[in-house]
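Student: Starting from the known structure of chain F, arrange chain Z on it as the hints suggest.
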Amino acid sequence: MSQLLSAGYQVIRIGEPGLDIGVADRHCHDRPAWTDSEGYLDLYHAAHLAFAVMQDSGPVGAVNAKGRKAIRLNCVHVYANYNYLVDPNLFKRYRRRDSAEFPTYREAMAANLPLLTTQAQIDDAGLEMVEHDSETIVAAVAEMITHLEHGTTPSSALRLRQRQIVMT
Amino acid sequence: MRRMPAWADRDLDFYGIAHNKGWVSSAMQTVQPNFWE
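As they're listed, the protein sequences go chains F and Z. So for the first sequence, my numbering puts the first residue at 291; every next one is plus one. So for the second sequence, my numbering puts the first residue at 1489; every next one is plus one.
Everything labelled a hint here was simulated from the structure, so no lab data went into it. Note that this is a predicted model, so its numbers are computed, not measured. Treat each hint with caution, since some may be false.
Ranges of calculated distance between the beta carbons of each label pair, as one might list FRET restraints [said to hold, decoys possible]:
no.	chain 1	residue 1	chain 2	residue 2	range
1	Z	1517	F	327	17 to 27 Å
2	Z	1519	F	443	16 to 26 Å
3	F	293	Z	1522	24 to 34 Å
4	F	416	Z	1519	36 to 46 Å
5	Z	1519	F	337	27 to 37 Å
6	F	333	Z	1519	27 to 37 Å
7	Z	1519	F	387	32 to 42 Å
8	F	338	Z	1522	16 to 26 Å
9	Z	1517	F	439	28 to 38 Å
10	F	330	Z	1519	30 to 40 Å
Every residue gets a Cβ at the ideal spot worked out from N, C-alpha and C, and that includes glycine.
Pulled out of the complex, with its shape left as it was, chain F reads as follows:
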């Protein structure tokens, strides 16, 4: 949030009420605390925001439906909607319980990690899921700001690399 505020953006947090995000700024708003408002306000924000930072789940569809982009966190390594989206994807991160290493994209695909949908399956595979850290999110936000403000395009090399791995 500090990164966005420093770049001149306003921040509107949505989601679970009652979380202390530790940022006090007149340009930072906690929408769940506006208890006299209903969820329609989130739809309004979805239509007018510069971009969203969200988990790759249902509500992000509202942002896309309004023609806006979202940084999607914890995306499955491959999924049906991927090739229809122009959102930057941050894939799920798994770590082996007996190691400090994270699987590469190729290893994740080879191990069928996209098929793990329950905690029991993740446990049985000897893995734990790790949330993206702030360093990664800051990098993704910087990439998005550059894209929106300067018209830079996503790395086609990375996209081709992803497809190359998936198709082989």
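Tutor: Relative to chain F, chain Z alone:
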């Protein structure tokens, strides 16, 4: 009966890849430089 619309059978060997979209954030490599190796 066709199960897929006409536009969907053009080289769609992987989940609509013909749409040529999808944006992989470069941030994945920030904390895992070998992610795409």
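Student: Provide an ascending list of the numbers of those earlier hints which the structure does not satisfy.
Tutor: As far as the earlier hints go, 1, 4, 7, 8, 9 are violated by this structure, in ascending order.
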